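J.: Residues per chain are reported as follows:
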Amino acid sequence: MSQIALFGNPNTGKTSLFNNLTGSYEYVGNWSGVTVEKKVGILRSRDAYVVDLPGVYSLHPLSRDEGVATDFLLTESFSTVLNIVDASQLKRNLHLTIQLLEFGKPLVMALNMIDVAERRGMKIDVKQLSTKLGVPVVPVIARTGKGMDELAETLRSAQQPKPLALTYDDVIETAIAKISRYLPDDIERSKRWLALQCLEGNERVYDYLRTKIELEPILAIRKQTEESIRQLPHGRSLRERLHHLRETFIEAVLEDVVVWAEKQPLTWTEKIDAIVTNKYLGMPIFLFFMYVMFMLTFDWLGSPLADLLDQFFSGPLTDTLSRLLTAMGASKFLQELVLNGIVSGVGGVLVFVPQIFILFFFISLLEDSGYMARVAMVMDRLMEAIGLNGKSFIPMIIGFGCNVPGVMAARTIEQPRERLLTILLLPLMSCSARLPVYALFVGAFFQAHQAEVVFSLYVLGIVVALLLAKLFSSTILKNEHSVFVIELPPYRMPQALTLWRSTWDKGKGFVRKAGTFIFGGSVAIWLLSYAGPKGFNVSMDDSFLAAIGGVLAPVLAPLGFGTWQAGAALLTGFLAKEVVVSTMNIIYHVKDTETLQGLMAHYFTPLSAFSFMAFVLLYVPCLATVATIRKETGSTKWTFFAIGYALVIAYIISLLIYEGGKWLGLS
Amino acid sequence: MVLTDLQPGKRATITNLSIMSELLKQRLIDMGIHEGEEVCVKCTMPFGGPVMVEVAGQCICLRRKEAACIGVE
Ligand SMILES: Nc1nc2c(ncn2[C@@H]2O[C@H](COP(=O)(O)OP(=O)(O)OP(=O)(O)O)[C@@H](O)[C@H]2O)c(=O)[nH]1
Ligand SMILES: [Mg+2]
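Quick note, the sequences are listed as chains A and B, same order.
The opening position of the first sequence corresponds to residue 607 in the numbering used here, with each subsequent residue numbered one higher.
The opening position of the second sequence corresponds to residue 1012 in the numbering used here, with each subsequent residue numbered one higher.
Hints were generated in silico from the structure; no laboratory data involved.
Quantities reported herein were computed from a predicted structural model and do not represent experimental measurements.
You may find that some hints are simply not true.
[Said to hold, decoys possible] Distance condition first, Cα-Cα at most 25 angstroms in a straight line; then the derived DMTMM-like pairs of lysine to aspartate or glutamate:
{"hint": "1", "chain 1": "A", "residue 1": "K738", "chain 2": "A", "residue 2": "E708"}
{"hint": "2", "chain 1": "A", "residue 1": "K697", "chain 2": "B", "residue 2": "E1046"}
{"hint": "3", "chain 1": "B", "residue 1": "K1053", "chain 2": "A", "residue 2": "E708"}
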């Protein structure tokens, strides 16, 4: 089957288009750098693959996600390029189009966001644009799906384009000819394109050529060209010169393709920006938004819903299941496994689904509105002070939902060291899986101040992350030069459907985990608590689980929770942090959250409960996050470092909380 | 004159990018901040924080010390 590859500038609607063409649902958001890896889908008509790629400004990558797109061009075979162009930013987008045309594969242009362009007062003559560039151009609105059928039709009949009419100046053309002559004849990519990319200084292309030929002569030609260009009257660098010549060409192409209407009045993006990125209001507004989000999740809306669900699980559901099992004549063992193991373990976590969905809803809202990039801007000054940049804040916010996509999102950070540092600190962001643990404990010990206590834990995570960032960036990860440039997209009214889908997509993972990890974990934990060295159906204190947890108990004693129960819960929590709750439910052998909370008062004091929550927040990242850190850093050493420092810092902080609290007379 | 000297809301033309670091210069050029283009400073963040500029209808945010490397007229 043929393959269609999507290329375009960041945030031009590639993924929206991909979703429309393939009927899938990939991650869409209103900032640059949402997609960070290759995604493959099948066209609705089932006759071609479609590949979604990270957005790039040019084929010369500066960050890890951009490298994915260039690598795709160099190493994979595909039949057609689908170039998505933001109509409202036509001039800038065409720079990439030119480089793609030079590549020489059949190309179809999807002129997206024509609704935005029209609102800005731009009229685009599509026919003329198509003739001037020699490629088919289809106007679309990826958001609503307008123009999709025509686009699919055009893609089917895409043909080899005429060579692009752009010739660079004499110096550059001579260099291209020289390099082309030097390239082997059996090379699979267009020689002119390769030569131009070499002149751009594209490292990925260098690497590709190095596997085939000696690179020195090409570098020498580039150097020589660079010098000749510098001697021209305007004295620019080679790269700027290439850009300038393309710009001139594009201006000529656009000359009578785009007609501007009257200058438009203030757009509402500008009006909103005047407030949310206001010099003094910016930060308070962001904090206020976060506060409302937490209150809704934990207090105003989330808790009542969770209570309702809890009543349902412990009442009607357990009764029905119990009656059903008895009617089926299930053995005592099976009955206990289902009711005490699975229902307590899995149900104990599923109770928190409403809260988690509310949290995800807000994160999706942040992502789709266009506020995300503004947050990066507002936070940059603070982040700079601790050796990071504002862009690191985006993965951190995503990390509040789940650390795994957060670690992935760090790909857009240009500086390798800043990226590594962001990845290492990300697990300190309190993800939604930790939320059930807090909810359980605050319900038991901090009835009157639930939201405040949880909020303090989130803040603790952030503060520890910021302090460690400062520590690491001034010791082991010294940064030579920090970079921060970010595009601020126009605000877009989030669509109800997109919001729902993206909330569901994130929440789905949580529910799925309940069905797999937590289900399996619950069964295993129950079995471990049911069996012991002396046989089956032993008292819990003589079980294998008690023996395993007991090993850890003395180590945890200084932190205020030196029981085998806490030790066992923490051990299993490495699988996924929610499992801590499942384990507690099973160990304390209760039907509903309320009884459990009553029972826990025997084992914890409010102080040791807080110390325990802080420990759960900070101690190791969960299994899935560790695997992602390993993959993204490509280093076992840094992966172990991430686990190690987290354990140490968790121990220290919990110790400080417990001992400090005792000293203050709390208990 | 450099970009940071520009009054918010006033427009100017970029004349010089040459003292900028290579990596950053490429990023800015990619985003449309290049010589001959018109810019407008939209707002600045407090405590020496970044500035937001508008180029060809697109808002871009960059640090103040880097904006100080952009010559305008
Ligand atoms: N008004 C309007 N908005 C659109 C259109 N197409 C996409 N969008 C919005 O533009 C934003 C970016 O869309 P994405 O599909 O995530 O863009 P992308 O090109 O995949 O972005 P990256 O993966 O970051 O490179 C989303 O908020 C979309 O809802 C369109 O035709 N009109
Ligand atoms: Mg995308």
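J.: If a hint holds in the structure, say so; if it doesn't, say that too.
T.: Against the structure, the hints come out as follows:
1. A:K738 <-> A:E708: holds (15 angstroms)
2. A:K697 <-> B:E1046: holds (15 angstroms)
3. B:K1053 <-> A:E708: violated (36 angstroms)
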